[in-house]
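Using the hints, position chains B and C against chain A.
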Amino acid sequence: MRSFVPPLSRMLVWPSLIIALALWLKGGTEVGGGFPAGALAGLVVLLQYVVTGREQARRYVAVRYAAPLAGVGLLLVVGTAFLPVLAGYTPVSLFPRPGQPGLGAGAFHLHTALVFEGGLMLIVFGLVVTVIDRFALSTSTEEESGP
Amino acid sequence: MPLLLPILLALACAPLAYVAGRWRPGAAAWVGASLAVASLVALGWELTLGPARLVLPWAPTWGLSLEFTRDGLSGLYAVMALSVGALVVLYSRAYLPHHLELKHRPARDEVRFHVLMLSFMAAMVLLVTVDDLLLLFVALDLTTIVSYLLIGYDRDDPESRAAALLSLVLTGATSVVFFAGAMTLGLQYGTFSLPLVFERAATSPASTGALVCLAVGALGKSAQVPFHFWLPRAMAAPTPVSSYLHSAAMVAAGVFLLQRLYPLFAPAVAVRDGLLALGFLSMAVGSLLALVADPFKRVLAYSTIAQYGYALVLVALGSEGAPLYVAAHAPCKAALFLTVGAVTQVTGSKKLSQVSGLRHSLPVLAGASAVAAAGLAALPLTVGFFKDEVFFHALVQKGPAFMAAGLVGAGLTLAYTLRLWWGLFGGARQDVPAAPRLLVAPVVVLAASVLAGGLLPGLLVAPARAAASASMTRGEPATLELAYHLDARAENLLAMGAWALGAVLFATRLAWTPGLARVLDGTSRFGPEHGYRLLLHQLDRLSTWLHELEVRDLRDRVASVLVPTGLLGLTVLWVTPLRHRFIPGTVGWADLTLVMALAFASAAALATLRARGHLVLVMLISCVGFSLAMVFAFAAAPDVALTSVLVETTFTLLFAGLLALLPDRRLARAQQEAQQPRDRDRFSAGIAGVSGFLLSWSALSHLEADRVGTQTVKLAEVAHSPNVVAAVLTDFRGLDTVGEMSVVVAALLGVTSLLGLKGKR
Amino acid sequence: MILIASLVVGLLFACGVRMVLERELVRVACGTVLITNSSVLLILAGSFPERGEAVHVQPGWPVTDPVLQSLALTAIVIGFAVSALLLTLVHRTQRAHGSLRTDRLVEAELKRVHDTEGERPV
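Protein sequence lines, in the order shown, are assigned to chains A, B and C.
For the first sequence, my numbering begins at 1 and goes up steadily by one.
For the second sequence, my numbering begins at 148 and goes up steadily by one.
For the third sequence, my numbering begins at 909 and goes up steadily by one.
Since the hints were made in silico from the structure, they are not lab data.
We treat Cβ as the ideally placed atom computed from N, Cα and C, and that holds for glycine.
Hints should not be assumed to be uniformly reliable.
[Stated by the list, open to error] Just some of the chain B residues that point at chain C, by a computed CB distance under 8 Å:
id, residue
1, 657
2, 660
3, 702
4, 706
5, 707
6, 742
7, 748
8, 777
9, 779
10, 836
11, 844
12, 880
13, 882
14, 894
[Unchecked claim] Computed from the model, here is a short list of chain A residues facing chain B with C-beta under 7 Å:
id, residue
15, 6
16, 27
17, 42
Same shape as in the complex, but just chain A (with noise of 0.2 Å):
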């Protein structure tokens, strides 16, 4: 009998990932953020290595280039951190400006704190999947080798 679980796991990983952008893209305005974000999305993938294995979870570029992932997270961070600093600004100041006009509609709001959620949400991404990444590589590595 073939088991229910890949499949169904397989067919978790879109709305999962929307549910995560959905908590990035709304973190300004409702419960969410960019961790929670990066959180589920790294579960998700967590999800497919326990289920499937490690080679049929690589098959996701996102997942192949999860470090990667993560330092363009960091320069997304720094970047709108600091890049203000050298128009005159104070060090991590966000755009609009308070009392400039903001754009968006809904719970959707368009603010460079979109970005610096964005970077956070990519790092701790980064970092989950690497870690699973390396678990499963070794846990392969002993089978192959191991007694």
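This is chains B and C only, laid out in the frame that chain A set:
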């Protein structure tokens, strides 16, 4: 931007020389030297335009900017650094191949040497041009680091490495002290910009502590007593390094700092008196050691200590001649260093007792170095005469005791200079091969400049006055006069007395040298160098002892941190008089869910202590985590609860994954051996727990009614973020979040490097 | 409420310390997790007396202190990153030394120090 042109050219020297060296090793020195000359020309052109300042805002909101100045002082020192630097680099083009051959190293290593020398030159130019306390410190440390690499250039030689380390430790440690002084000043005056600091110091003088810190940094760099002993050791470096760093550049940096910051020192008479005493002490120690030292380079090193003692005295007395003194000394000392380097190369010996009578084989070198030696000993018709004239002029105003001390010092200078020159070139004839032309030419150029300064003193007046008015007279026009006076004024009489004393000492040297050598040898046992070695040894032993103690039992180490901290916390609570120290708080029906979740978390935590298997343990830990997430949810903190749940899930799975990785046998064995708690572990945990409980109870009992939180709620709406928590994280405390993310990235890098892709065993 | 919260903080901390003082690495890791949990709880316990809205706050309504919430969030994330590092460290140590016991590590360390001191010329 024109002010930056010489600096940029100087900074470009090292990289371009490196590129040229990749193409052909011999070209590096020529490219570097010609760029240095170009920078010198640009600087000369700049100086004709008069003083100027350049402020480049860097991070204006933090009050940081790059500030550069062009005044007489920076001009004088930059010209000195660039011209001597160019000559020394050319000289090392001839010196290095032979040196590398002796050390059995490839000829390509030459490029590294030139690049380091040119980097040092650039750092020096930067140091003298910046006009900001922080940048001064940065440039100072740059010179320290490059000098470490240069002194330790012969990296296979343990003596050379030890000397480099000594110089790094001493000049690095003293420059940290300098940094402390600079920070104190910056906090006191609210700015690091030097002109502003001077302006504000005019109304409220700088604190003595800060000035002493600044002076310590300068003394360490200038190799003054009690930090002098690194300089003779640094003679293990190749000779071009000694001739540049230890005549015109690195040791000059210390005295330069004192001159640059003189407006701060001027009102502090006590600090200046201390500097005066140290200056005289350095003069005495340096001169006496130079009289008995046998290796040529050591003679010159001790002489440098003594000569910078003179400069220190001049600064301490507030004399206008202080910048001139350093500038007049540099070419003489550099020429002499280059001379002894050439002598070592052609004869292969390094000690005075091994050579003599080289004047027949090396006539040009003998003549040029005679001029330089005359300059060092302050004989007339050389630029050195004026350095002693300004020195005596400053002493005459202080009184007869100072005049006598100055006379003896100058006499000793003449004696050791004569001893060195005569030891090399006088006496019984020795025939050696001729020196390469490139080794002699820089000495000749330097000697010519020494002569030119002596014959045409009028040329020196303008730069010396400009330098003095930029530092010693604090903006007032300087009144320094340089001319030969053929009358019986006090300065002339002192000079004559000094020459007579020097001649007598030199003539009778055989009578007193052995005795002096014995005395100095005996006292060196109690000197600061001995202290340094003792300190190093004891630190080594202490670190070994601590290490042994630390690793003997890891559990005791943890306990030794936790138990005293817990006791300390309890003591603090005991002695702090707080009204209503502990408030039990109220529990309403609405809190029931919260209390239940908390109880569940406590139960799970207690159960972990009794958990038999590892999997159970992990489950219990995650149980604690989920209970707490529940607590956060009931406490109306949805963001925290959401993150907590997600993180806890991930973590539990990771932990389970770790258990899958660990071998079963080992887990089982570890399981058996665990669970044998010692009584003292229970005791430590008890102390820590009670202390943590009481401290948090006390803290929670003193919450302010008016919180920051209520403010942030109002601000968040303005900041376009209805979710107040997100606003706090990304906006109000954004810098914290950046720091937090760097921790996460550091953890990520740690994981990647610990479990490399190769899966090493 | 204050008393209960601080009691739980103290209890979690004590259990954490007790685990850290074990002789086995997995338990040491668990202990640090417990200590992290106790500190997060302490931070957020400051907001227990006044609990209310966190998002879309109406003026005049009770508010859960947002600063404390964000501090707790930061603590959770850092705690997670450090624990993940700790887990890999446990794994790596086990691979390198073949043991999960701290006293074995001490023996290996002392031996290494002894060896390097023997090599050093006196």
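query = Which earlier hints can't be squared with this structure?
reply = Per hint list: 1, 2, 5, 8, 13, 15 violated.
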